[in-house]
Amino acid sequence: MLTWLGHILHWSFLNSGSVQTALLVGGSAAVVCAVIGVFTILRGYAFAGHALGDVSSAGGSASFLLGISPLVGFLGIAGIAAVSLEFLGVRRAREQDVATGIVLGAGIGLSALFLYLDTTTTSTTGAAVMVMFGSMFTFPANLRWPAVMTAAVALAMMAILYRPLLLSMVDPELATTRGISTRWVGLLHLVTLAAAVALAALSVGAVLASALVIGPAGAAVRISRRPVLAIFLAVILGLAAVWGGIWMAYESYYWFAGNAWPVSFFVVTIIFLSYLMSVPLQYALWRRIARPVQIAANAGG
Amino acid sequence: MHEDTTSAVPVTIPGQHAKASCASVLAVEDLTVSIGGRLLLQGVTFALEPGQLCGLIGENGAGKTTLLRSLIGVQSSPHGQVSISGLVPRKSRDLVGYVPQKINFAPDLPLRVYDLVQLGCDGHRLGPRWFSGRLHQQVQAALDAVGAQDFAYQRIGELSGGQQQRAVIAHALARRPRLLLLDEPLANLDFRSANELAGLLGHLTRVHGLAVLVTAHDMNPLLPVMDHIVYLAKGRAASGSVREVVQSATLSKLYGYPVAVIEYGGRVLVLPHADAQVGEDGCYLMPNGSASGGQA
Ligand SMILES: Nc1ncnc2c1ncn2[C@@H]1O[C@H](COP(=O)(O)OP(=O)(O)OP(=O)(O)O)[C@@H](O)[C@H]1O
Ligand SMILES: [Mg+2]
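Chains as they are written, first to last, in our numbering: chain A, 267 to 567; chain B, 1122 to 1417.
FYI, nobody ran anything at the bench for these hints, they're computed from the structure. Note that this is a predicted model, so its numbers are computed, not measured. Check before you lean on any hint, since a few could be wrong.
What the hints assert, rightly or not - Partial chain B-side listing against chain A, Cβ under 8 angstroms, derived: (1) Glu1170; (2) Val1195; (3) Gly1207; (4) Tyr1219; (5) Asp1236; (6) Leu1240; (7) Gly1244; (8) Arg1246; (9) Leu1247; (10) His1292; (11) Val1391.
As the list claims (entries may be wrong) - Derived DEER-like restraints, expressed as beta-carbon distance ranges: (12) A:Gly367 - B:Arg1159: 47 to 55 angstroms; (13) A:Gln548 - B:Leu1256: 40 to 48 angstroms; (14) A:Gly310 - B:Arg1246: 20 to 28 angstroms.
In this text, a Cβ means the ideal position worked out from N, Cα and C, and glycines have one as well.
Construct the complete structure from the given sequences, taking the supplied hints into account.
Spelled out as structure tokens, the structure:
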């Protein structure tokens, strides 16, 4: 039985070094993105999160050009973009969309230039695909631990900021009343979001990074009633998507007669399907929760 | 539970106003606020004792919200003295609970009433929250105080406006403040909820000894429980007992609109009175012939 299962699942894939790196780095990115994603959605910053991913592609493409570590490239540009977003007036809903759009445009413009220069002035091949759609299985081994460290620092930041951030997300005025500087909390959230997005961009690609931030968290927020539960569910969904995607991409080599499909495709597909399932699930849960509300309201009178 | 604040050095108020006794929870003295060169509040002076429920009234844009924001130390550039149990607003955050004018909770916010009240206890602290029986008790006490136990474990966005209002009040009460500030808590509430909330505020002042300052446009539900009124007009404040302020002439002048004060079934009610005419002396004449009272 077990050998039969092992045959189907090809457990041997765990022995491959590049798969181990993918599981480790992809898993770290998934966890960090899921945790930060919950706050990002509560704050209504899904678009900003997406923009940071796209903009970070400028850093990724510049790193090929300059011959520096892509982790530094992605992190640097995403960080600069996050700070610009905050200072361009990201705090009011309408200004936020405008500021995000402007930073997004500038970032993609730079990215186009760097990718052009990459192809014309360096011997790098496939830089565009790598930057835009990730390099899960060709992840540089020397970046393995720096990436995991970045994830750990980002998670620690979220753990420290947990309560003030949550209160600012619920209502900025309530937070201000308690002496919380919503400006600082907001800036730190954006910078941490930038780090998460940079990690995601490295693994599933700049264009798909936001899927990892918004998808699992979005599904989790829909179906949970408590912030802690939402974070927990988002982490589970994110890990399932990334690890499941890695496994499916590895397996697809056998499914499609030696032509493995990209990891990012599978990751994003799993995320999309789980979000799709969360919608009916939310209504099923909501009906169960909603009924006692009415009874309580009637009984109160 | 205020032991952590009593050790702080009290700020002395120079030239203490006659009304601000040592027992005052809140003493506002000569408070002046201007935004963008416009003078919003000018020389506002009043005091509030423990167990007092004080209404803050004035027309739209009179500066009620601005005044409340000055009391919690989030209004920029206020001049004058504000002292809360002898402390300046920035030092007295634990002593003040604030319920803002409007909060829109998204229906899908994954937050229960319980979680919101927990954030009222420790929302400003850094680091993860560890389970604590004391915190749980504190949350339960706040939920009990506002009668929110029935819906404590429901998502806040799914509740009615009145239930959300209670939840936010429980959030404000979680740290057991001595002063509760509420900005338009009765807006959007139906008759029953408004009266229940007014009763709740009365209970908090009488039983828990809280000092409550509440702004309201429709003051009828509050009249039975209110002791004191501060009214703002053209940047200046005046205060008086309910009996002094709730007079047709005073209120009409304050709002610049005819207001009738009637007695019905043993209760005093305030009504807008569009049919009134302005008499020669500047007082409003009510159609039934009665002049709207002399000067208060
Ligand atoms: N940040 C600000 N910048 C400029 N003007 C402001 C600001 N905040 C308030 N004001 C002005 O201050 C005045 C008083 O506002 P405030 O909100 O205190 O009035 P209010 O008495 O609470 O009114 P309402 O009954 O409508 O709630 C208003 O005329 C408003 O235009
Ligand atoms: Mg107001």
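Hint by hint, here is what the structure shows:
Among the interface hints, the one on Glu1170 of chain B is violated; its C-beta lies about 23 angstroms from the nearest C-beta in chain A, farther than the 8 angstroms criterion. Because the smallest distance between the Cβ of Val1195 of chain B and any Cβ of chain A comes to about 5 angstroms, under 8 angstroms, the interface hint for this residue holds. Hint status for Gly1207 of chain B relative to chain A: violated, with the closest Cβ pair at about 18 angstroms, above 8 angstroms. With a cut of 8 angstroms, the hint placing Tyr1219 of chain B at the interface with chain A holds, because the nearest CB-to-CB distance is about 5 angstroms.
This hint holds: Asp1236 of chain B has a C-beta 6 angstroms from the nearest C-beta of chain A, less than the 8 angstroms allowed. Taken as an interface hint, Leu1240 of chain B checks out: its beta carbon lies about 5 angstroms from the nearest beta carbon of chain A, inside 8 angstroms. For Gly1244 of chain B, the interface hint holds, the least distance from its beta-carbon to any beta-carbon of chain A being 4 angstroms, beneath 8 angstroms. Given hint, Arg1246 of chain B at the interface with chain A, holds; its Cβ is 6 angstroms from that chain's nearest Cβ, closer than 8 angstroms.
Because the beta carbon of Leu1247 of chain B sits about 5 angstroms from the nearest beta carbon in chain A, less than 8 angstroms, this interface hint is met. Checking His1292 of chain B against chain A: minimum C-beta separation of about 7 angstroms stays under 8 angstroms; hint holds. This hint is violated: Val1391 of chain B has a C-beta 26 angstroms from the nearest C-beta of chain A, more than the 8 angstroms allowed. Hint check: Gly367 of chain A to Arg1159 of chain B, Cβ distance near 34 angstroms, so the stated range 47 to 55 angstroms is violated.
Roughly 29 angstroms separates the CB atoms of Gln548 of chain A and Leu1256 of chain B, a value that falls outside the hinted 40 to 48 angstroms. Between Gly310 of chain A and Arg1246 of chain B the C-beta distance comes to about 24 angstroms, which sits within the given range of 20 to 28 angstroms.
In terms of the numbered hints stated before, the structure departs from hints 1, 3, 11, 12, 13, listed from lowest to highest.
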